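Asker: Residues per chain, in single letters:
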Amino acid sequence: MDIKHRDVGGVSVLDFTGNLDTNTSPTAEAEVSRLLDEGSTKILFNFSELNFISSSGLRILLATAKKLKMSDGKMVVCNLNDVVQEVFDISGFASILNLAANEEEALASF
Amino acid sequence: MNESQSKPVILAVDDTPENLDVVKGILASEYSVKAAINGPIALKIAEKHRPDLILLDVMMPGMDGYEVCQKLKENPKTRDIPVIFVTAMDQTSDETRGFSLGAADYIFKPVIPPILQARVKTHLALKQSMDELSEAYGIIKQQKDRMEEELNIGRDIQMSMLPLEFPQRDEFSVHALLQPAREVGGDFYDFFFINEDELVLVVGDVSGKGVPAALFMAVTKSVIKTRAMDDPSPASIVTRVNDEMSQDNPSSMFVTLFIAICNIRTGECRFTNAGHNPPYIRRRDGKLEILSQRHGPIIGAMEDLAYKESSVDLGMGDQLFIFTDGVTEAMDKEDNLFSEKRLEDHLESSMGSSVEDLVSDTLLSVEKYADGAEQADDITMLACSLLKEPDKSEYPRMSLVISSDFQEIGRLNKELARFARKNDLPEDVMRKLNIAIDDLVNNIISYGTDEDGKQFIEINCAYLDNRLMLEVVDTGKPFNPFEQLNPDTTSSIEDRKIGGLGRLLVKELMDDVDYERQKDRNVVKLIMDIP
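Line by line, the protein sequences are chains S and B. All residue numbers for the first sequence refer to this note's numbering, where the first residue is 41 and numbers rise by one. All residue numbers for the second sequence refer to this note's numbering, where the first residue is 12 and numbers rise by one.
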């Protein structure tokens, strides 16, 4: 899995390519930790190139959301494909995370 | 007193006290001599003291020597005591009478000391030999009884291990029969499914008899079954079984073995013959074929042998007939063998019979041939028939075995993705499958495996009739991932816990799931309907 980082108007945008699963989640965790340590309080997970996410990936998202909530930051996830959306629905994450259909909408919500 | 007790005891019977003194004088130094002055007293002493020998005067008033002798022989307590008649010279005509009453010998009066001593010595020695022989016979009989018992126990062990329930299914039929010989044991058969389509058939003959043979057979049978469960190749199963049985084989037991793995869906039978007599296939049209390929020697002789296998196809109505040499080597009263030829003639002539009839008719044929001669060896037969047209359609399937490492999940999902692409499965289906597998296998590794335990996880995938079916099999502790599934899907970010979400995803993303604990393995089934 690949993660690219861009900064768009103060928002840390993470572009994921590949899968967020048992074996790749640690990488995501490390990347997000790094961002948080550097002081990011606005993080956008761009899933346009994300194939699928399993519960290991969900764990990372939840942890990030918790940390950002505590530091009064914000986290948004955008460009979910149908299957990823279904995963969010089943797990109830669709109700607790901020989701956006595309990047413009996402950035606008920060 | 002790001294006299270790000496043999002689009872001298004579109505003349002087004669008793003479005998005592001659024998007292070597023997302990008791005296009786008449018959009744003699009988009493004999019964009470059981002397080792009796010197019996013939001419006595009242009860004479012959009567005393007769009475001694009638009493089981005194019957075996050797009796030597002591008589005057002029009564020789009565010798025959004495011997016919059971006397051991005659001595004439006047008694000549060396002759008396010699006769006494001889007859005592004779008696001792008889006693020893009798004891030895008793021991031998005891051992023989013990051996019979052992054979019976061996027989019980052998027979108790045979599957006696024959499955009634539409696609195939199986029947078996084992008629044990009285003394010789060692035959066995087995049949069992290793998966939905594959039936394993085993027939074997262990050298030896009694309990050791029965135990060797029990071990062989269970090793075969264990190996067959995760090894789809008869050659490989037999190779591994041979290694195991050859290793600790102090009594050098051997077993001939025929193993066939028959796919009852496709009709393909792969088989390995280890020193066993070749089975037959009776085709639907009555033609008889012999499966003559041999793939290695008898089991148990040598380690590190690689066995081979061959393959044959069964069509609908074909019958596979496996048997042991108890059939072909059955003998009639003149020791003529039933032989392969007779068996072949019999098989060819029994057209259209069920496997059950085939087996029991063959036994009848053998028994008729033997015509009362004792059965020399176990007679065993196992027959299997395909009752439906074989389905040789190749539908896409895939099998993979991974070890219980998280990284292996990546490899597995890659293979599944490749399978999905190759069979044009929709992308969404593939994604959901990958997620389910990631979470399922993660759970198996995390919770189903013991801490330092490593295990293998087998994944079988098949795509047919618009359905994708996956089977995930592991040999860890019992673990049902769909049990007690109530993860937290509603609380807020702060309170949310992640436990159980993975298992929930597996259940909800798939169209159907199933869990079964089969003996020592967890079997999870995942099903997706393909639009």
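Be a bit skeptical, because a hint or two may be false.
[As the list claims (entries may be wrong)] Quick list of simulated restraints, FRET-style, between CB atoms:
#1 B:K403 to S:D42: 43 to 49 angstroms
#2 B:K530 to S:A103: 36 to 42 angstroms
#3 B:L411 to S:S88: 45 to 51 angstroms
#4 B:D476 to S:E69: 51 to 57 angstroms
#5 B:S244 to S:G58: 35 to 41 angstroms
#6 B:L411 to S:D112: 43 to 49 angstroms
#7 B:D476 to S:D42: 51 to 57 angstroms
#8 S:R74 to B:R429: 23 to 29 angstroms
#9 B:D315 to S:E69: 47 to 53 angstroms
[Said to hold, decoys possible] Within a straight-line C-alpha distance of at most 27 angstroms, the following computed DSS-like cross-link-like pairs (lysine-lysine) qualify:
#10 S:K107 to B:K508
#11 B:K120 to B:K35
#12 B:K132 to B:K59
#13 B:K18 to B:K59
#14 B:K425 to B:K319
#15 B:K508 to S:K106
#16 B:K35 to B:K82
#17 B:K425 to S:K44
#18 B:K518 to B:K433
#19 B:K152 to B:K84
#20 B:K508 to S:K82
#21 B:K399 to B:K379
#22 B:K138 to B:K120
#23 B:K59 to B:K82
#24 B:K88 to B:K132
#25 B:K508 to S:K109
#26 B:K152 to B:K120
#27 B:K508 to S:K114
Hints in this document: simulated from the structure, not taken from any laboratory. Keep in mind it's a predicted model, so treat the numbers as computed, not measured. C-beta atoms are modelled at their ideal positions from N, C-alpha and C, and glycine is treated no differently.
Asker: Just pull the numbers of the violated hints for me, sorted ascending.
Answerer: 3, 4, 7, 8, 14, 21, 26
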